[in-house]
Amino acid sequence: MSYLSVETVTKSFKNGDETTTVLAGLNLSMGRGEIIMVMGPSGSGKTTLINVIGGIERPDSGRIVLDGTEVTAMDNRMLNDYRRNDIGFVFQFYNLIPNLTAQENVMLALEGHDLDWTEKSGRAIRQLELVNILDKKDRFPQELSAGQQQRVALARALVKQPKLILADEPTGNLDEATETKVIGILAQVREELGTSFIIVSHNSRLRAHVDRCYELRKGVLVEN
Amino acid sequence: MNLTVRMMLRKIQKRKFSIILSAFIIAWAMAMMVTGIYSSGVIRTSANAYLDETGLPDISISLFEGVDPQQVQTLMTDPAIKTYEFRLRMDGHAIVDGKEISVQLIGLKDPFRTDINRLLLLDGRMFSEKMEAVAVSGGQVLGDHAKVLINSVALNLNITGTVRSPEFLINDLPTSSFIPGSGGLTILYLPLETLQSSIGPVINDILIMSDNNASKSEVISGLSSLPISSTILREDQQTSVIVQMGADKMMVMLPSISLVFIFIGLVSTFMTIYRLVLSDSRSIGVLMSLGITRKHIATSYLMFGVVTLSLGAILGCILGYAFTYTISNMALGMMGAIPIVMGFDLLPFLIGLSLATLVVVVAVIIPITIVLRHDVHDALSFVPRNRIWAWRTNLRSLSLALGLRNLFREPSRTIIFLVIIALSIGAAGSWMFMVDSAQGYLEEQSSANKWDVKISFNGPMSDIQAISHFASDPVKSAIPFSTLVGQASLGDNSQGVFLLAASDIVGIRSFLLRQGELDFQGAVLAKKMADNLGARPGESITFAVGNRSLPIEVTGIVDDIQGNAIYTSNDQVLDIIGEGSCTGVFIVLDSSEQARSYSSSLSGDPLVGSIVLKDDTVTTLRGMFDSSMSLLYAFFALNLMIALAVAISATIISTSERDMEYTTVISLGLPRSFQVKALVYEVGAQAMISALLAVPFAFLLAQVFTSLLEDAVFYIPVVLSLATVITVLVIGFLFISISIIWPLRRIKRIDFVKVLRERISS
Ligand SMILES: Nc1ncnc2c1ncn2[C@@H]1O[C@H](COP(=O)(O)OP(=O)(O)OP(=O)(O)O)[C@@H](O)[C@H]1O
Ligand SMILES: [Mg+2]
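Chains S and L, in that order, give the protein sequences.
The first sequence begins at 4 in the working numbering and counts up one residue at a time.
The second sequence begins at 168 in the working numbering and counts up one residue at a time.
Rather than coming from a laboratory, the hints here were simulated on the basis of the structure.
It is possible that some hints are incorrect.
What the hints assert, rightly or not - Computed spacing ranges between beta-carbons, pair by pair: (1) Val225(S) x Glu824(L): 51 to 59 Å; (2) Gly28(S) x Ile459(L): 28 to 36 Å; (3) Ile583(L) x Asn18(S): 53 to 61 Å.
Stated by the list, open to error - Okay, derived cross-link-like pairs now, DSS-like style, lysine-lysine, Cα gap no bigger than 30 Å in a straight line: (4) Lys694(L) x Lys617(L); (5) Lys844(L) x Lys166(S); (6) Lys383(L) x Lys183(L); (7) Lys181(L) x Lys17(S); (8) Lys140(S) x Lys166(S); (9) Lys166(S) x Lys184(S); (10) Lys781(L) x Lys178(L); (11) Lys383(L) x Lys297(L); (12) Lys643(L) x Lys781(L); (13) Lys178(L) x Lys276(L); (14) Lys221(S) x Lys166(S); (15) Lys416(L) x Lys643(L); (16) Lys17(S) x Lys221(S); (17) Lys617(L) x Lys183(L); (18) Lys276(L) x Lys249(L); (19) Lys297(L) x Lys314(L); (20) Lys139(S) x Lys643(L); (21) Lys183(L) x Lys276(L); (22) Lys844(L) x Lys140(S); (23) Lys297(L) x Lys276(L); (24) Lys462(L) x Lys181(L); (25) Lys921(L) x Lys221(S); (26) Lys166(S) x Lys921(L); (27) Lys781(L) x Lys181(L); (28) Lys844(L) x Lys781(L); (29) Lys921(L) x Lys17(S); (30) Lys915(L) x Lys17(S); (31) Lys416(L) x Lys249(L); (32) Lys183(L) x Lys17(S); (33) Lys617(L) x Lys166(S); (34) Lys184(S) x Lys221(S); (35) Lys181(L) x Lys249(L); (36) Lys178(L) x Lys17(S).
Unchecked claim - Here are a few chain S residues that sit away from chain L, every Cβ distance over 10 Å (derived from the structure): (37) Gly34; (38) Ser47; (39) Tyr85; (40) Asn102.
By construction, the Cβ of each residue, glycine as well, lies at the ideal position given by its N, Cα and C atoms.
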């Protein structure tokens with residue numbers, strides 16, 4: 004029994020008369036603590052896949068089960084809780100809230116969790132320390148470089164200790180050294196907490212650090 | 168269709184609500200301006216039409232001695248003379264309530280003439296017998312019979328009715344039963360022969376209707392052989408002058424008020440367009456990089472202005488027309504029930520429209536110019552300067568931190584919004600201040616009275632007699648007084664006044680002193696009158712009754728609802744009222760509740776002429792206030808609508824760039840309450856700050872508006888009462904808070920998947 008199983012998921016978009024099938028009976032199965040990577044040309048459906056697994060979009064058909072819970076059977080409210088508790092997103096463009104400091108952005112992910120302020124604050128600080136950016140905790144996103152913002156976004160995804168982290172091009176804006184550092188952090192988190200990762204990337208250098216690598220082609224995943 | 172036009176139409180569609188709000192605010196400003204100019208014209212034309220119809224004479228000539236009418240008749244040959252009337256006009260006096268009042272008697276042949284100075288019967292019937300007369304409304308009430316003395320000849324007249332006469336049209340404006348004869352002249356029309364029988368077969372007053380303006384001087388010069396003492400042309404006649412003044416006041420008052428709204432409209436439209444153009448900067452860059460000219464882009468953005476202006480102009484015209492009708496009707500009603508004549512006048516609308524156009528053009532051109540100044544590269548890489556308010560205070564609540572920081576996301580814009588919202592709430596609140604001040608003033612003025620019953624005698628009586636006569640049981644004290652109606656003058660200024668003289672004025676009522684001191688050995692004047700005369704404490708004014716006059720030194724100036732009141736001690740006016748005599752008495756009872764029973768116990772008393780209860784005066788006063796009060800409330804309610812529009816528009820502008828934030832929060836799976844809380848804090852803080860700012864604005868604007876209203880309605884001193892401060896705060900807070908509905912709806916409707924993708928695509 005796998006930790007995450009995606010079974011014959013389909014998703015298509017209608018644009019006027021034209022229908023684009025993005026996911027065409029896609030299957031994926033991964034164990035707890037695995038890191039997998041998804042590659043694919045632009046427009047192949049990588050973001051769509053991540054959105055579907057993360058409960059942002061619903062598939063047209065198929066089943067998604069994470070840790071024994073069927074995501075595809077959830078109503079909107081449950082999906083919201085699922086995103087809050089089980090999933091950590093790292094967006095392609097970080098999506099930090101400009102009016103919150105680095106630390107507050109991380110703490111934001113704990114909003115709605117039953118923790119007091121000191122506890123939330125402590126956890127955020129530990130997480131920022133882990134991604135090696137604690138000294139910038141009181142800066143606003145505007146005052147951070149792209150790489151630093153990406154690390155804050157990563158800390159935000161990690162702080163709630165989700166079951167699965169979905170990262171869309173997390174190293175797109177990072178130089179090679181920072182990229183290595185970030186990958187190092189992922190590995191460390193996986194060791195400590197047994198978190199699973201799906202990373203979307205064009206960057207073949209990452210392949211060395213992941214357990215498996217897939218290519219999204221014609222709506223299905225092909226291992227390579 | 169042109170691509171940029173199509174792009175603009177889509178944008179307009181998307182922002183229709185903001186556009187409607189701006190248009191509404193502009194329409195309001197425009198309507199105020201239109202109303203001021205238009206109603207001033209309507210008042211003028213209505214009054215002129217009425218005066219034409221009722222035959223206000225083109226020329227009124229007074230002679231300083233009586234002349235044989237036959238002799239005058241031979242001079243009336245100028246072909247420009249359409250019609251004329253010969254009258255005999257005499258000053259006399261009558262004894263009313265035991266006091267002497269001056270009466271003007273005008274003898275005329277035919278009271279039913281419609282072609283010149285037409286008399287409109289208000290009640291009773293027209294005189295028909297020799298010893299009958301009709302009174303002009305607004306003067307002192309003489310009763311059914313009046314004994315009038317002219318040159319020591321007594322006429323015992325039956326007063327058969329009351330008339331309204333164009334030459335004394337506004338005679339009843341400042342009068343009411345409560346304020347006897349304030350400014351109103353006592354004038355009687357009676358048969359010409361009646362007067363001639365005591366004076367001789369002469370006339371001394373000629374009214375002429377002439378063909379046109381140019382011939383007036385010829386008409387006058389044709390009569391130059393007569394002993395003319397004064398020639399008054401229609402436009403200098405008092406009725407014309409007062410109507411003119413009323414019209415002028417509208418012209419000044421409403422357009423000045425409209426300036427406040429023009430400013431509000433300018434700023435809010437500017438902010439709406441600026442926000443739009445800024446957020447479009449990158450698309451503008453793209454258009455420029457594609458080789459589309461700046462002129463072309465600017466023109467397409469002007470479409471926003473055109474749409475806003477068109478909507479605003481249509482609404483502004485409708486509102487302007489409606490306001491003009493209402494306000495002119497009220498003003499004309501006050502000027503002796505003149506029927507409204509609402510002729511169409513293009514000019515006010517043109518002025519209003521040009522103003523609205525100016526506002527919109529400025530509000531649109533500036534932001535477009537700012538953005539189009541960038542070169543292609545700058546525009547393409549343009550990031551709206553999101554100067555974050557680096558307020559790092561630890562608030563121990565993320566939603567609070569987010570809400571407050573969002574409010575000050577762009578500090579300068581936030582400050583503009585706070586001020587403009589506060590200003591519009593303040594404009595509404597100012598009417599509250601006025602209503603409250605007026606009511607408080609009314610209460611104060613009536614509670615200032617210490618007496619319970621005011622008794623006027625049938626004839627003068629000695630003070631000692633009066634006091635002893637009214638000394639029986641429930642009476643605590645009786646204060647004799649005399650009232651006189653006359654004329655006060657200082658330098659070139661003069662006005663009709665109401666003088667109250669008593670030995671113990673402080674025992675009758677209390678005063679709110681504005682200047683000088685409460686020394687009744689001199690004259691204490693109502694502030695409005697002091698202002699009119701230009702009198703200051705220490706100066707001496709002349710008080711005249713009939714042919715007697717005496718100087719009185721002004722010692723103090725007080726707030727008084729009766730703008731033409733003079734208070735003084737009775738020995739100051741001895742010459743006129745006679746030593747130790749009085750015409751009435753103020754009664755203070757052991758308990759105010761006894762007032763009614765006490766007054767009925769006096770019913771058979773032969774000395775008592777009339778009785779006034781303090782409670783009744785309050786009721787009458789309140790009635791007088793109510794009509795102006797409802798106008799103030801109406802303005803308050805309408806202004807609140809504007810305030811709401813401004814607040815909504817501001818909130819929409821400042822929360823419209825939040826999509827990414829909402830989306831992030833949703834994708835993080837945070838409870839919706841988080842975002843709602845942040846908004847509540849943000850809009851709540853905005854509402855609180857602007858409501859606080861609105862209070863001083865309201866107070867200041869109330870002072871400006873009352874000084875504009877002063878002559879038209881009443882003199883109201885504006886007071887800063889805690890109750891009104893709280894009302895303005897609470898109502899302001901609530902109304903601004905309503906604007907939270909729009910961002911809440913946006914959160915609810917947002918398609919966050921789409922926004923996530925849009926972000927990626929940018
Ligand atoms: N809301 C939508 N309506 C119509 N088509 C859509 C919609 N969302 C996505 N698509 C289409 O689905 C396809 C997959 O999009 P997706 O964003 O998943 O690609 P991607 O692999 O992430 O591309 P990239 O590497 O460029 O980020 C694209 O062809 C896109 O046009
Ligand atoms: Mg993508």
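Hint-by-hint comparison with the structure:
Taking the beta carbon of each, valine 225(S) and glutamate 824(L) are about 41 Å apart, not inside 51 to 59 Å as hinted. Take glycine 28(S) and isoleucine 459(L): their Cβ atoms lie about 46 Å apart, and the range 28 to 36 Å is violated. Checked against the hint of 53 to 61 Å, the C-beta distance between isoleucine 583(L) and asparagine 18(S) comes to roughly 42 Å, which is inconsistent with it. Taken as a hint, the lysine 694(L) and lysine 617(L) pair is honoured in the structure, with Cα atoms around 21 Å apart against an allowance of 30 Å.
Annotation: proposed proximity of lysine 844(L) to lysine 166(S) holds, straight-line Cα distance about 28 Å (limit 30 Å). At roughly 60 Å between alpha-carbon atoms, lysine 383(L) and lysine 183(L) are farther apart than 30 Å, so this suggested pair is violated. Using a Cα cut-off of 30 Å, the hinted pair lysine 181(L) and lysine 17(S) holds, with the two alpha carbons roughly 23 Å apart. Distance restraint check for lysine 140(S) and lysine 166(S): the Cα-Cα separation of roughly 25 Å lies within the 30 Å cut-off, and the hinted pair is therefore satisfied.
Between the alpha carbons of lysine 166(S) and lysine 184(S) the distance comes to roughly 22 Å, so the proposed pair stays at or under 30 Å and holds. This hinted pair does not check out: lysine 781(L) and lysine 178(L) have alpha carbons roughly 66 Å apart, beyond 30 Å. Among the hinted pairs, lysine 383(L) with lysine 297(L) is inconsistent with the structure: their alpha-carbon atoms are about 35 Å apart, more than 30 Å. A distance of roughly 16 Å separates the Cα atoms of lysine 643(L) and lysine 781(L); the hinted pair therefore holds under the 30 Å criterion.
Between lysine 178(L) and lysine 276(L) the alpha-carbon distance is near 76 Å, which puts this suggested pair outside the 30 Å criterion. A C-alpha spacing of about 28 Å is found between lysine 221(S) and lysine 166(S), which places the hinted pair at or below 30 Å, so the restraint holds. A distance of roughly 47 Å separates the Cα atoms of lysine 416(L) and lysine 643(L); the hinted pair therefore is violated under the 30 Å criterion. Under the criterion of a C-alpha separation no larger than 30 Å, the hint pairing lysine 17(S) with lysine 221(S) is consistent with the structure, at around 17 Å.
This hinted pair does not check out: lysine 617(L) and lysine 183(L) have alpha carbons roughly 61 Å apart, beyond 30 Å. As the CA atoms of lysine 276(L) and lysine 249(L) are separated by approximately 18 Å, the hinted pair is consistent with the 30 Å bound. A distance of roughly 14 Å separates the Cα atoms of lysine 297(L) and lysine 314(L); the hinted pair therefore holds under the 30 Å criterion. Simply put, lysine 139(S) and lysine 643(L) have alpha-carbon atoms about 84 Å apart, too far for the 30 Å limit, and the pair is violated.
Proposed proximity of lysine 183(L) and lysine 276(L) is contradicted: the alpha carbons are some 70 Å apart, above 30 Å. Taken as a hint, the lysine 844(L) and lysine 140(S) pair is honoured in the structure, with Cα atoms around 24 Å apart against an allowance of 30 Å. Distance restraint check for lysine 297(L) and lysine 276(L): the Cα-Cα separation of roughly 11 Å lies within the 30 Å cut-off, and the hinted pair is therefore satisfied. For the hint linking lysine 462(L) to lysine 181(L), the alpha-carbon distance of about 23 Å falls within 30 Å, and the restraint holds.
The straight-line distance between the Cα atoms of lysine 921(L) and lysine 221(S) is roughly 23 Å, inside the 30 Å bound, and the hint therefore holds. A C-alpha spacing of about 26 Å is found between lysine 166(S) and lysine 921(L), which places the hinted pair at or below 30 Å, so the restraint holds. Between lysine 781(L) and lysine 181(L), the direct Cα distance comes to roughly 63 Å. Violation of the 30 Å bound is thereby established for this hinted pair. A C-alpha spacing of about 56 Å is found between lysine 844(L) and lysine 781(L), which places the hinted pair above 30 Å, so the restraint is violated.
Restraint check for lysine 921(L) and lysine 17(S): the C-alpha separation of about 14 Å stays at or below 30 Å, so the hint holds. With a C-alpha separation of about 24 Å, the suggested pair lysine 915(L) and lysine 17(S) falls inside the 30 Å cut-off, and the hint holds. A hinted pair counts as satisfied when its Cα atoms are at most 30 Å apart, and lysine 416(L) with lysine 249(L) does not qualify at roughly 34 Å. Restraint check for lysine 183(L) and lysine 17(S): the C-alpha separation of about 28 Å stays at or below 30 Å, so the hint holds.
Distance restraint check for lysine 617(L) and lysine 166(S): the Cα-Cα separation of roughly 84 Å exceeds the 30 Å cut-off, and the hinted pair is therefore not satisfied. At roughly 33 Å between alpha-carbon atoms, lysine 184(S) and lysine 221(S) are farther apart than 30 Å, so this suggested pair is violated. Taking the CA atoms of lysine 181(L) and lysine 249(L), the gap is about 67 Å. The hint is violated against a cut of 30 Å. Restraint check for lysine 178(L) and lysine 17(S): satisfied, since their Cα atoms lie roughly 24 Å apart, inside the 30 Å limit.
Distance to chain L confirms glycine 34(S) as a non-interface residue, since its nearest Cβ pair spans about 24 Å, more than 10 Å. The beta carbon of serine 47(S) is kept farther than 10 Å from every beta carbon of chain L, the shortest such distance being approximately 14 Å. Taking the minimum C-beta to C-beta distance to chain L, about 7 Å, the non-interface status of tyrosine 85(S) is violated against the 10 Å cut. With a minimum CB-CB distance of about 4 Å to chain L, asparagine 102(S) fails to clear the 10 Å threshold, and the non-interface call is violated.
This entry does not satisfy hints 1, 2, 3, 6, 10, 11, 13, 15, 17, 20, 21, 27, 28, 31, 33, 34, 35, 39, 40, going by the numbered hints stated previously.
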